[in-house]
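There are 2 protein chains.
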Amino acid sequence: MIYTNPDTTAAWARLLSLAPAGTSFDFIRRLDAERVKTCSVPMAAGLSYNWAAKAADEPVLGALQALADEQNLIPKYRLLVEGEVMNTGEGRMVLHHLLRSPGGMSATGKPVLYRGKDLGAFYRNERDRFSAFAESVRKGEITGSTGKPFKNAVQIGIGGSDLGPRALALALDNWASARGLKKLTPWFISNVDPDDASSAAASLSLEETLFILVSKSGVTQETLANELLIKDKLQRAGLDPSRHMAAVTSETSPLAHNPAYLDSFYIDDFIGGRYSSCSAVGGVILSLAFGPGVFGEFLGGAHGADKLALEGDIRSNAALLDALLGVWERNFLGYPATAVLPYSQALARFPAHLQQLDMESNGKRVNRAGEDISYATGPLIFGEPGTNGQHSFYQFLHQGTDIVPLQFAGFAESQRNDDVEVEGSSSQTKLKANLAAQITAFAKGKEDGDRNKLFPGGRPSSLIHGTCLTPAALGSLLAHFENKVLFQGLVWNINSFDQEGVQLGKLLTKKVLAGGGSGDSALDAYGALLGV
Amino acid sequence: MIYTNPDTTAAWARLLSLAPAGTSFDFIRRLDAERVKTCSVPMAAGLSYNWAAKAADEPVLGALQALADEQNLIPKYRLLVEGEVMNTGEGRMVLHHLLRSPGGMSATGKPVLYRGKDLGAFYRNERDRFSAFAESVRKGEITGSTGKPFKNAVQIGIGGSDLGPRALALALDNWASARGLKKLTPWFISNVDPDDASSAAASLSLEETLFILVSKSGVTQETLANELLIKDKLQRAGLDPSRHMAAVTSETSPLAHNPAYLDSFYIDDFIGGRYSSCSAVGGVILSLAFGPGVFGEFLGGAHGADKLALEGDIRSNAALLDALLGVWERNFLGYPATAVLPYSQALARFPAHLQQLDMESNGKRVNRAGEDISYATGPLIFGEPGTNGQHSFYQFLHQGTDIVPLQFAGFAESQRNDDVEVEGSSSQTKLKANLAAQITAFAKGKEDGDRNKLFPGGRPSSLIHGTCLTPAALGSLLAHFENKVLFQGLVWNINSFDQEGVQLGKLLTKKVLAGGGSGDSALDAYGALLGV
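From first to last, the protein sequence lines are chains A and B. Heads up, the first sequence is in the numbering used here, so the first residue is 1 and it goes up one at a time. Heads up, the second sequence is in the numbering used here, so the first residue is 1 and it goes up one at a time.
No lab work stands behind these hints, which were simulated from the structure alone. Only true hints are included.
Coverage of chain A stretches by chain B, computed from C-beta distances (three or more under 8 Å per stretch; other residues unrestricted): (1) 152-163; (2) 192-202; (3) 224-235; (4) 343-353; (5) 366-376; (6) 424-436; (7) 519-527.
Straight-line alpha carbon distances no greater than 30 Å define the calculated DSS-like cross-link-like pairs of lysine-lysine that follow: (8) B:Lys110 / B:Lys307; (9) B:Lys506 / A:Lys453; (10) A:Lys148 / B:Lys151; (11) B:Lys148 / A:Lys151; (12) B:Lys453 / A:Lys76; (13) B:Lys183 / A:Lys148; (14) B:Lys37 / A:Lys510; (15) A:Lys110 / A:Lys307; (16) A:Lys183 / B:Lys231; (17) B:Lys510 / B:Lys231; (18) A:Lys117 / A:Lys76; (19) B:Lys182 / A:Lys183; (20) B:Lys151 / B:Lys231; (21) B:Lys446 / A:Lys510; (22) A:Lys183 / B:Lys151; (23) B:Lys148 / A:Lys183; (24) B:Lys151 / A:Lys151; (25) A:Lys76 / A:Lys110; (26) B:Lys148 / A:Lys182; (27) B:Lys510 / A:Lys37; (28) A:Lys231 / B:Lys183; (29) B:Lys510 / A:Lys446; (30) B:Lys148 / B:Lys182; (31) A:Lys37 / B:Lys506; (32) B:Lys510 / A:Lys453; (33) A:Lys231 / B:Lys182; (34) A:Lys151 / B:Lys183; (35) B:Lys183 / A:Lys182; (36) A:Lys506 / B:Lys37; (37) B:Lys151 / B:Lys183; (38) A:Lys510 / B:Lys453; (39) A:Lys506 / B:Lys453; (40) B:Lys446 / A:Lys506.
In this text, a Cβ means the ideal position worked out from N, Cα and C, and glycines have one as well.
Start from the sequences and build out the full structure, keeping to the hints where you can.
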């Protein structure tokens, strides 16, 4: 397979020539009911991706399709799911798709072997193990050291071991509660700031609390510090830490096969941190909280998305189209950021997860071959749920001097189905009406003689929508964005699966903590200012 | 007073000529211990603002000072705190500084009168009233309708009635808990998504819960819907809603002087939503949770910052300097975003508040006279606490293709003073070592033969630091950013105190909810997609 920079393709040149038309796309004339109805691509689990409010017409779509084809995106995606070493810098396969693929086969139906080991079977076995563990805890068969059943499940992890699982736990909490499926309350400790773990320990009944220590390497600074802080609390409370802790790690880590834990569940180097939500990293706490069945439905939605992502026609592959429209906006229309705006309180922390997923994957400045590149890569990602954001930063989005493309999501039904009618409409209806209104307002704007009340419009957006944020819909949503980010990385010819940019900070931190001068007088002076 | 666009000043032209030197500022050579020690400005409540890692030298500082002088920033700030009608679009004074000024005088020591009414005395009287109310609730003298003392205080509000108070409550929670001052647990309901209020109601013991309804106008769609949802829950639980609800509103709103509430506390049109944290909007819930004394210390810190902001020399006025360095980065170095990165879990939601504060204030495209402008205004603001962000989006910040200036904060001591030593250092020391390391890594970068491991550096940052995040330090921090945003708005000659950009969405939402077709076929089609 040939990997080339996108700016060497014919499609790139064609897109450059189309860019002026994109920046002056006439939404007022072109965005009508017909366009809303036709610009829609089905996603897994009954969701749809609607791109009617994107500044793209047929010539643009054609050039984006050509770019996808010239960059061989689908063949490369097939290679990836089948076990090609796509994380070139670290010499690793990229196998998070395999975590959710039933039967332990790749999304294309093939086994993935590594040194004779069937990795699909390995992941499936771990899932079976933690599912059984979760069931035993939920039934009260596994208890804490005083014999009381566990009521709380606290994940201790950071980055990929925190943001994804945290966002997903919040996303499913009300859905599961309303259906009587929630048994343990999920909590999260991440920051090395000792106030984080200390306050969690002070708020919880420790004898009813199970801690899940999550670190692939087993040597994450923050996580180990928090583990010891919590162990100290457990001991002071007269509890046996080994009866209150489980681990998620790799088999070669110090946490593996360790009697300090009730049990340990395994992942491996082919599951990147920010792509690990479908592994034991997300699976243990979600299964404890909501049951292995709910987690299974979630995985089913994600697998459905992975299969749809095999489609070569951008008009039928939502993740691919979303990716290419993002490239259009980033590289040709010149927009440096994207706002993620779910109209669902359950998705309140989903933007924070996507922020990591996207910015850590594609915030890169060299290509797969380690050469400098001259085009922009991954955008800045931020967001908060609507309608909250409307009362916050939407002023900037509507009337600021920069244009930020918007990624909306919304659902016909709430998760708890508990609503009230005020002035002729339910809250859920108001929520949806606001969403529809914002898309239109951003795209079309409004003339006004008072220029302070004028809305320039021309703010492009997409909308993912469905009936309800079920576990399957959530899996579909997560995998959609994982695959979108992956496709964009392939377009840009970068390695989306390493994160060398986090290393320098770690190195300098160690120098500071070692004491005796770091060799950099400014660094030492900053340390002194902060009282290190 | 003369208000002119900044690009007409001599300083602007001078800064344009200095910009190339700014983008190639040699941090490796220039950022040393001496610079770290000298580039520091005292803030209120013992904090300091350090700008050593900003790409600015003496000529730039001189030109920024000239810009501040040419734009008359300090005289305009004086006018503002003394009651000039600075919110020109809405014809209103801007009086949030008066909320924290002891004795009811402006920060410059003058009374502020409006139609014969002493507004400082009015705000002070409201503060006395809600302080007494909070004390009575905390002592169990005011109880719910079953006679049980209140354990929870739930704010129902959105935007400025939510983000600031929520960020501040989280910021003080551990500090107050560790000192035995926390009596009620603060909660927040904001989103019109019915799952938000429904899940809060299901999680709380309603007979022990006091709801605080916050809406200046009294007609905020989300807040009224949530009020009715909660009232319904209270009634179904056999409770009398009027014994479980207080209101914060303006005296002319439908919520004022209304027997449906235990009591009502007042603000007025001169307190903008995003600037209302120091009024009853933030004061009632913070006083209930942590006591009026804690809220008073917080106000003291904010007032200290307001006084320091009167200083004309940018080298002695942290808010002014921060503002001008932001203008330097936005308009001359061309950086469209700023990341807010507090190394303090207590400040986890502070970036979300600053996001509103900054983006709603300065995300504007016309000047105070309503004329289009040709320079960039307020930047995109986002952020998460460190070290969490290090494991998320810092990859993009270190090695992405765009440069994002960084606003760091950190403290010598944790709030709970409950820590553990691992591998020779406490968690708090690790937290601070990480912060020092990141500032240096971002500024200086690192050469590497492997360009994937090369860090280009040149990422500017500032650091606010102090001993501990106390209530006074938090007040100082909040007022610093309020004044920074205000100064930037004055530089850009925009009105930072209106928000016309939120109106179009409201208007279109009403059209959708009215039914029968909005007059825009696309809007109707989006409504149909979502099942409105």
